[in-house]
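Protein chains in written order, with the working numbering: chain A, 1 to 343; chain B, 1 to 343.
By construction, these hints were calculated from the structure, which means they are not laboratory data.
Predicted model, so just to flag it, every value in this text is computed and none were measured.
A few of these clues could be false.
[To be verified] In silico DSBU-like links for lysine-lysine, alpha-carbon gap of 35 Å or less:
no. : chain 1 : residue 1 : chain 2 : residue 2
1   : B       : K22       : A       : K319
2   : A       : K248      : B       : K22
3   : B       : K186      : A       : K22
4   : A       : K137      : B       : K137
5   : B       : K137      : A       : K70
6   : B       : K304      : B       : K319
7   : B       : K187      : A       : K137
8   : A       : K22       : B       : K137
9   : A       : K137      : B       : K186
10  : A       : K137      : B       : K193
11  : A       : K216      : A       : K304
12  : B       : K211      : B       : K268
13  : B       : K187      : B       : K22
14  : A       : K22       : B       : K22
15  : A       : K137      : B       : K304
16  : B       : K137      : A       : K248
17  : B       : K211      : A       : K137
18  : A       : K216      : B       : K22
2 protein chains.
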Amino acid sequence: MSEERTEISSLGEFGLINHLTKNIEHQNASTILGVGDDAAVIDHFGRQTVVTTDLLMEGVHFDLMYTPLKHLGYKSVVVNLSDLYAMNATPTQIVISVAISNRFSVEAMDEFYDGIYAACEEYGVDLIGGDTTSSQKGFVISITALGEVAPDQYVKRSTAQVNDLICVTGYLGGAYLGLLLLEREKKIFLETKGVQPDLENRDYIVGKLLKPEARKDVIEFFQREALVPTAMMDISDGLSSEVLHICKQSGVGAVLYEDKIPVHPESKEFAYKLELDPTACALSGGEDYELLFTISQNDYDKIKEVEGISVIGYIAEEKEGATILTRGGNRHALVAQGWNSFS
Amino acid sequence: MSEERTEISSLGEFGLINHLTKNIEHQNASTILGVGDDAAVIDHFGRQTVVTTDLLMEGVHFDLMYTPLKHLGYKSVVVNLSDLYAMNATPTQIVISVAISNRFSVEAMDEFYDGIYAACEEYGVDLIGGDTTSSQKGFVISITALGEVAPDQYVKRSTAQVNDLICVTGYLGGAYLGLLLLEREKKIFLETKGVQPDLENRDYIVGKLLKPEARKDVIEFFQREALVPTAMMDISDGLSSEVLHICKQSGVGAVLYEDKIPVHPESKEFAYKLELDPTACALSGGEDYELLFTISQNDYDKIKEVEGISVIGYIAEEKEGATILTRGGNRHALVAQGWNSFS
Chain A
1 MSEERTEISS
11 LGEFGLINHL
21 TKNIEHQNAS
31 TILGVGDDAA
41 VIDHFGRQTV
51 VTTDLLMEGV
61 HFDLMYTPLK
71 HLGYKSVVVN
81 LSDLYAMNAT
91 PTQIVISVAI
101 SNRFSVEAMD
111 EFYDGIYAAC
121 EEYGVDLIGG
131 DTTSSQKGFV
141 ISITALGEVA
151 PDQYVKRSTA
161 QVNDLICVTG
171 YLGGAYLGLL
181 LLEREKKIFL
191 ETKGVQPDLE
201 NRDYIVGKLL
211 KPEARKDVIE
221 FFQREALVPT
231 AMMDISDGLS
241 SEVLHICKQS
251 GVGAVLYEDK
261 IPVHPESKEF
271 AYKLELDPTA
281 CALSGGEDYE
291 LLFTISQNDY
301 DKIKEVEGIS
311 VIGYIAEEKE
321 GATILTRGGN
331 RHALVAQGWN
341 SFS
Chain B
1 MSEERTEISS
11 LGEFGLINHL
21 TKNIEHQNAS
31 TILGVGDDAA
41 VIDHFGRQTV
51 VTTDLLMEGV
61 HFDLMYTPLK
71 HLGYKSVVVN
81 LSDLYAMNAT
91 PTQIVISVAI
101 SNRFSVEAMD
111 EFYDGIYAAC
121 EEYGVDLIGG
131 DTTSSQKGFV
141 ISITALGEVA
151 PDQYVKRSTA
161 QVNDLICVTG
171 YLGGAYLGLL
181 LLEREKKIFL
191 ETKGVQPDLE
201 NRDYIVGKLL
211 KPEARKDVIE
221 FFQREALVPT
231 AMMDISDGLS
241 SEVLHICKQS
251 GVGAVLYEDK
261 IPVHPESKEF
271 AYKLELDPTA
281 CALSGGEDYE
291 LLFTISQNDY
301 DKIKEVEGIS
311 VIGYIAEEKE
321 GATILTRGGN
331 RHALVAQGWN
341 SFS
């Protein structure tokens, strides 16, 4: 954080909004009217709108002790865009509301919005509105993201078919291991004053937690290849939980192969160091924001050589349930141990 | 609140969402896909989408000591729809996120959602998605509302013209007086155990605060009369503040007449009882959710006989500033004393 500190109250709500939004330039032709009125206006050209929203609470979803505000802004946008990509849609606009207590300065909000704008730039979306208010305690972020899709090209969770291949993008479990690392270092720091966090050689897992990316590249690949997944969702609560969602909503079962689940070498190494099973981290750890999708076997040739897409199993009959075949040859039922903010 | 108490943790996040959304029936043909996937999908028929969002924080925007949860749900929707009507748009869909602490039960959430659904029904909008999460403290509500407008028929704040008439709907100041009443009764109740709140003959101001309505009827009237205001916004922060917004964004001045500002008889009576000036309550009190709009003088005949629409002044040159002519014949500059959550 910079050394200057301007109190939010010196600007007031409208002053703060003006300050934070004064450099907005729209990137989408469909954005007709943005920040500054009761609502924003979006045009359409025979396309369908896709809408998603997320509410992020300090102390529940993020810890400002080890989360830089700029990264938090960036990630807040990314987690919403990930939901749009998971519908096979192209993000176009976002609205963002924040509630802040008086412990935050204008400079702190600038850092947060730097991250918001960096994500808007990276993904080609326009910030078109929002709400800024005060909070008695803690930082609250609500983002709603809008995207477009050609008529009826959106992909649901409920349309996986028996014998489809189950695929994931990237590596799984990294964000969860990043969280364990940062929580451990936070604990050490709080207990032993003066000890600096040891994050050496942990760039991948720390980055995966603090600055995840949404899989725009994968959706663009689908469009280039004219490949439409039969079902898709993003992996925010852990692979097991998401596979079970697709199974339940599609009325099917699934078989996963442990040895096909992609785990990054740095994740494996850190998992072993903590005496954790890397596969368990991939199955139950959240926040990877990779895509889980199913495709017809006929489309296998289109993806088999693609770096960053792994076939990890297949869709089975509903009566077979959802199971995983371990390296040792055992078969276990998948259980949803994903993150639950109410447990 | 009912006597049963089911812990939210007994349902979990997905269980709670299923429970709260299981009876949704869509009312708009444009709603293609609603709750239950990564995002919702909306179709278009050569219309433009209008988007608005609001974040409501317990302890800042509402006090659960005197706000029934069902009313809170209803009002949360209404305040967003009011922003869409203020754009001359027809609301079609909402997404809603809530964060709750474990002091809320499933039954409490049911009451809150009863209010949400009652508003959806009343205004013909579909609830199509959202997010439900936990909060360390306090109840947080974020709603994003989407509406439709025929191409380029939306009405901005920045397009008022010199000599236009300034109009408002309904009565002003009532919600603020309702707030003063309920805060007074809360204080008495807390200081003197056993004393029940005295709200007799205060239905209008209490209702205006706890269960406001958005002016759907006025927008429908505009459509029937083919009347397009030159500028419009809703009155959420007090008349003065909103007139100043229109002046600033349109680059104009304004003259208001104190004796034309509509104040309900019950508001007047209670204001006098508190030794407050009813006009000051109308100018600076917030949360009325009436519409402030400007029309060309040529359209005066269309509104002059309409009950519930008052002409309160006219748009002047920018250099004349924004002023109010009092009953006593004095001229005062308008000052924004609207509600500011950061002050």
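Verification of the supplied hints:
1. Between K22(B) and K319(A) the CA atoms are separated by roughly 25 Å; this keeps the pair inside 35 Å, and the hint holds.
2. Only pairs whose Cα atoms come within 35 Å are accepted, and K248(A) paired with K22(B) is accepted, the gap being roughly 16 Å.
3. With a C-alpha separation of about 41 Å, the suggested pairing of K186(B) with K22(A) is violated against the 35 Å cut-off.
4. Straight-line distance between C-alpha atoms of K137(A) and K137(B) comes to about 8 Å, which keeps the hinted pair within the 35 Å bound.
5. Proximity of K137(B) to K70(A) is assessed by CA-CA distance (about 25 Å); at most 35 Å being required, the pair is judged to hold.
6. A threshold of 35 Å between alpha carbons decides the hint, and for K304(B) with K319(B) the separation of about 29 Å falls inside it, so the pair holds.
7. The hinted pair formed by K187(B) and K137(A) meets the criterion: a straight-line CA distance of about 23 Å does not exceed 35 Å.
8. A distance of roughly 33 Å separates the Cα atoms of K22(A) and K137(B); the hinted pair therefore holds under the 35 Å criterion.
9. Taking the CA atoms of K137(A) and K186(B), the gap is about 23 Å. The hint holds against a cut of 35 Å.
10. Between K137(A) and K193(B) the alpha-carbon distance is near 29 Å, which keeps this suggested pair within the 35 Å criterion.
11. A distance of roughly 19 Å separates the Cα atoms of K216(A) and K304(A); the hinted pair therefore holds under the 35 Å criterion.
12. With a C-alpha separation of about 20 Å, the suggested pairing of K211(B) with K268(B) holds against the 35 Å cut-off.
13. Taking the CA atoms of K187(B) and K22(B), the gap is about 40 Å. The hint is violated against a cut of 35 Å.
14. Between the alpha carbons of K22(A) and K22(B) the distance comes to roughly 42 Å, so the proposed pair goes past 35 Å and is violated.
15. At roughly 49 Å between alpha-carbon atoms, K137(A) and K304(B) are farther apart than 35 Å, so this suggested pair is violated.
16. Taking the CA atoms of K137(B) and K248(A), the gap is about 33 Å. The hint holds against a cut of 35 Å.
17. Distance restraint check for K211(B) and K137(A): the Cα-Cα separation of roughly 27 Å lies within the 35 Å cut-off, and the hinted pair is therefore satisfied.
18. The suggested pairing of K216(A) with K22(B) holds, with an alpha-carbon distance near 32 Å, which does not exceed 35 Å.
Hint compliance for this structure: hints 3, 13, 14 and 15 are not met, and every other hint is.
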